[in-house]
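Just so you know, the sequences run in chain order A and B.
Sequential numbering from 1 applies to the first sequence in the UniProt record's numbering.
Sequential numbering from 1 applies to the second sequence in the UniProt record's numbering.
Calculated directly from the structure, the hints in this document are not laboratory data.
All values derive from a computational prediction rather than experimental measurement.
Among the hints, erroneous ones may be present.
Restricting the straight-line Cα-Cα distance to at most 25 Å, the calculated cross-link-like pairs of lysine to any residue (SDA-like) are [to be verified]:
(1) LYS537/B to ALA509/A
(2) LYS227/B to GLY402/A
(3) LYS260/B to THR436/A
(4) LYS158/A to LYS260/B
(5) LYS158/A to GLY542/B
(6) LYS260/B to THR351/A
(7) LYS702/B to ALA536/A
(8) LYS384/B to GLU435/B
(9) LYS537/B to THR515/A
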Amino acid sequence: MGSAAAGALFAGSLIVALALAYRPLGDYMHRVYTSPRHTRVERAIYRLAGISPDAEQRWGAYARAVLAFSALSILFLYGLQRLQDRLPLSLGMRPVEPALAWNTAVSFVTNTNWQAYSGESTMGHLVQTGGLAVQNFVSAAVGMAVAIALVRGFARRKAETLGNFWVDLVRGTLRVLLPIAFAAAILLVAGGAIQTFAEHGTWTTLTGGEQAFTPAAAASQEAIKDLGTNGGGVFNVNSAHPFENPTAWTNWIEIFLLTVIAFALPRTFGRMVGDDRQGYAIVAVMATIFTASLVLTNWAELSAGGTVPQAIGAAMEGRETRFGVSNSAVFASATTLTSTGAVDSFHDSYTALGGGMLIFNMLLGEVAPGGVGAGLYGMLVLAVITVFAAGLMVGRTPEYLGKRVGPREIKLASLYFLVTPVLVLTGTALAMATETGRGAMLNGGPHGFSEILYAYASASNNNGSAFAGVSVNTPFHNTTLGLCMALGRFLPIVLVLALAGSLVRQAPAPVTAGTLPTHRPQFAAMVAGVTLVLVALTYLPALALGPLAEGIR
Amino acid sequence: MSVQTLGAPRRTPGNARRPGGPGRAGGLLDPRQLARSLPDALRKLDPRKLWRNPVMLIVEIGAVFTTVLAVLDPSFFAWALVAWLWLTVIFANLAEAVAEGRGRAQAATLRAARRDTVARRLRDRAARDRWDTVAATELRPGDLVVVEAGEVIPGDGDVVEGIASVDESAITGESAPVIRESGGDRSAVTGGTRVLSDRIVVEITQRPGESFVDRMIALVEGANRQKTPNEIALNVLLAALTIVFLVATVTMQPMAIFAKAANPGVPDSLALDAHGVTGLVLVALIVCLIPTTIGALLSAIGIAGMDRLVQRNVLAMSGRAVEAAGDVSTLLLDKTGTITLGNRQAAEFLPAPGVPAAELAAAAQLSSLADETPEGRSIVVFAKREHGLRERPPGELADAAWVPFTARTRMSGVDLDGREIRKGAAAAILGWVREHGGHPAEEVGGLVDGVSAGGGTPLVVAERVNGRARVLGVIHLKDVVKEGMRERFDEMRRMGIRTVMITGDNPLTARAIAEEAGVDDFLAEATPEDKLALIRKEQEGGRLVAMTGDGTNDAPALAQADVGVAMNTGTSAAKEAGNMVDLDSDPTKLIEIVEIGKQLLITRGALTTFSIANDIAKYFAIIPAMFAALYPGLDTLNVMRLAGPQSAILSAVIFNAIVIVALIPLALRGVRYRPSGASRLLSRNLLVYGLGGVVAPFLGIKLIDLLIQFLPGMS
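I would like the entire structure built from these sequences, with the hints used as guidance.
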């Protein structure tokens, strides 16, 4: 079997598996977020934390809860890193430097998981498991909670409240993420990933050699790292590490985990607004962009090598032999399209156009399918913007799912859209304009510029992956990238919740023949078109000076 | 039962015209109009006026900046660019000036009607023969003024005493006089109109300077035009896009400096030097990317939308109402005058058992000869057409005694040669027959019920000869649905609008007419409270409701409706309550108003899409022009094969400016709107303005490049 055919089979079977999971997982999450009953464990948690789980919150209270929870998480994580030498299970690691600790704390709380450090030489077991892994769960659950709050904004009529953040957070963690991650971790252990709290020692590698090595509870971290679209690996080389991602089939499972929740959430959305077709339309937009990106990245990677590089193995630079070019490209596309940032190959080694494609994936705003929750709310905001232009063209005040898109709604949606381009571009420009900023580049010329662009695109969109060449563990980059991550996460969240708050108050307009149907291919195509055109127009100058300048000959 | 239509000369919308409106019919752009508006366009360059339009303000700032650059470092390219940037702003101002100019001619005509008038103000309410002569501008609400034949009514108000014929041509453009009388629904008079006969006392209802004519002038001139919610929303989106493109171009600078430094062998050019992209090119790129096309035309579209309504003799009190019209999903239409012709007509004679058809026809005709109501006339016409009975003027029967209709007897007829013929409502006539010893046959009741069940109005005809009365038969009076109504309602349904017929008829009659006319629903035996309740119910379900009305008792419903169109013939209360006034008093115009509202929104959406889609081609022109010298591979993006960097950049800027002028006619006329479902409408507009917006600039820029590449310094 040729590598293209093998790649097609690998990607094809993934898409089929995701399609099969769409309904059951989407329906299950619908039940999770709409059921009035609390489990015994949940009730205990609410009692302990002093939360009254049946009290609903308006958008402002919901947003304050999200921000307070996240702020506390950042503080806690920062403290844990700074004090790790005085706490147990530190493996003898020193306290983490302040700038790096801030960067890492923000990074994990914002679901970015940008890692300016090397896991095995910086973080002990306690920070990894009690700090970072916990955030892998809850930061993902926060994203889902915000998405569900926005969906409630569409689904409810003439209401004031959007649900209860604490309940959404707890249920997302306990009922969705935990069970799936548990099952996945066992599968990964079966595949050869390690799971231990042991101290340093000598280990037998996959090929049978002996190696001195700092172990970790890798399998459990790996499962939630992927499932929650986090991406922060316990080991420096992330999913390329044989103890994180041992075989081709664990690679397949990891990609599946990256995308499964984000692709199933549109089903939950469709169920909650009482029209499954709306969910199909949104998932169709995501799947179209996703598939197009897979094909283009594979095309760039497979066609660029040429006979000689293939023969001497040069096309394999930065990739693991057990995955190969094509499967690595699939993982790379999936990780950049889902705001995960886990890597099983080094994006810096990709062809200029392939690497450009990965940057473009992130610049899309992480919506196809995007991070867990974040992808859905990002896509719904784009749908609102699309509806505005399309709605005008059918001669009515635009409405989406019966909710009118007026000045307030479009203001919030426009601001949402503005946040990441402003962060990515000003961040990149700032880095390029300063000596310290430019110093992080490994390469010169357009490729070096791509490294910086990649870093700010990754941080602002909460992706977390990096072009490997860049060395960003400097106070300048730790601070600016940390700011990009925090603003790129919480500004959109507040805007989305405000949008939900303004939608939830409306009584939906009834559907008539004059209403723009938002479940047909026509509308789905238009959302995809608007997404691609807006992003292309925003970033074309930057892309022209980086990947395009390098890639087009 | 029958209403004489005194006022309200109905006109078909096609020949609706207003005095003094030059060349308004097609909405085509007259080059002279452009020239006339030029001074206005130049005046609008004042930044204090331009700040309301942020997109164009940025273009102007860019124009000023490049002018400074061109002065410091002159070149042909620099000055050509400066000239076209200024033209871009001027073209945008021109669009607005032209739109406003069209209203100005109308305003001039209206101002003539507002010329200073003198009022005769009554000193007190009791004494109607003592007055002071005051200027019309001094009148306050509540003042009573006397107006006699030949005088101009000094202000808006209601007739509280008397009846007069009034020439309202100054406002409506209609020369036939209308009747205005105290009490009832035809009491409103408008300041500036002229009393032709008789004498009336008018109670002034307006405050000084807020008369109907004042408001009309302000409206057609577009003065203190408020932005509508939808316009605000669109402006927000445009502002966001402008910011994105500003950020994208400004942040490009450090990247460009780095790229230039990385390629030290490449010489400086007009587009790129060691300080990055030159100021000239940076401004050109910003102007090409920000949505100038829609930014330039947005206010013209709004003004032209109001203007299109004015052309159809409808005055919208706010732009908000016009937009709401596009969103309407329920239309309440009065049956009489809107759906039906306004009067019933004889459709059938149904003889009682044992009565020959000809005898009934003769009696029916005879009884109606002196009946001047439309129903009476229709009986005579029907008898002639169906039974060959010659129409006779009532005077021909010298010894006939005509019995007029009264509300008490509820019948009319004639006494002739000892024979009494009566026709009227079934209950009244049957009572009359019994009273005079007759025994109406069972079947008559069946005939009456049959007519009612079919939606008709039964009139029973009876005679009394030699003291004995008997029923001759039943006349079937039928509501005649206006021609073409069914098609219009089908059209409405395709547009997603539900039509509800409002009538005072009983449910049976109402149902029959509703079915015949093809409306979706009806409200029978409707009281004003029912109407109001219906509107509230529809709005509760999230629907926007439009209705027409003229009477004072319509006022609450008009105020509650999202679009309330008051008839100009109606009362002041109705006109105050509604948010539009139809000067033609044509209730079917609601349908056109809805279409105009939709057209307004479509035009905005289409031009926004066009504007954004244009950016793709502009990037393909400008990016290679800026960077192909550094990275030759980027010349692949120069798909148009433009001659050189300077000509590429200038071509894009020229195209950007020219497209504004080219689209002014479209902005003024509005995008073509054909009633159809939303999906088909969207497909069509996406194809024309989305795909067209992508393709057109590729062709346009290439064409301009072919022309200007031979100018000095272009390659």
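Below or equal to 25 Å on CA atoms is what counts here, so check LYS702/B against ALA536/A. With Cα atoms ~22 Å apart, LYS702/B and ALA536/A stay inside 25 Å; holds.
Between the alpha carbons of LYS384/B and GLU435/B, is the straight-line distance 25 Å or under? Given that 25 Å is the threshold and the Cα spacing comes to 32 Å, the pair is violated.
Can you confirm whether the C-alpha distance between LYS260/B and THR351/A stays at or below 25 Å? Judged against 25 Å, a Cα distance of about 23 Å means the pair holds.
Taking only the CA atoms, is the gap from LYS537/B to ALA509/A under or equal to 25 Å? Holds, at roughly 13 Å.
Would you check the hint for LYS260/B and THR436/A, treating anything up to 25 Å between C-alpha atoms as holding? holds, 19 Å
Is it true that the CA of LYS158/A sits at most 25 Å from the CA of GLY542/B? holds, 11 Å
If you draw a straight line from the CA of LYS537/B to the CA of THR515/A, is it 25 Å or shorter? Status holds; Cα separation ~20 Å.
Need the status of pair LYS158/A, LYS260/B: alpha-carbon distance at most 25 Å? At roughly 57 Å apart (the allowed maximum being 25 Å), LYS260/B and LYS158/A break the hint.
Given hint GLY402/A paired with LYS227/B - CA-CA distance at most 25 Å: Status holds; Cα separation ~24 Å.
In this structure, the hints that do not hold are numbers 4, 8, in rising order.
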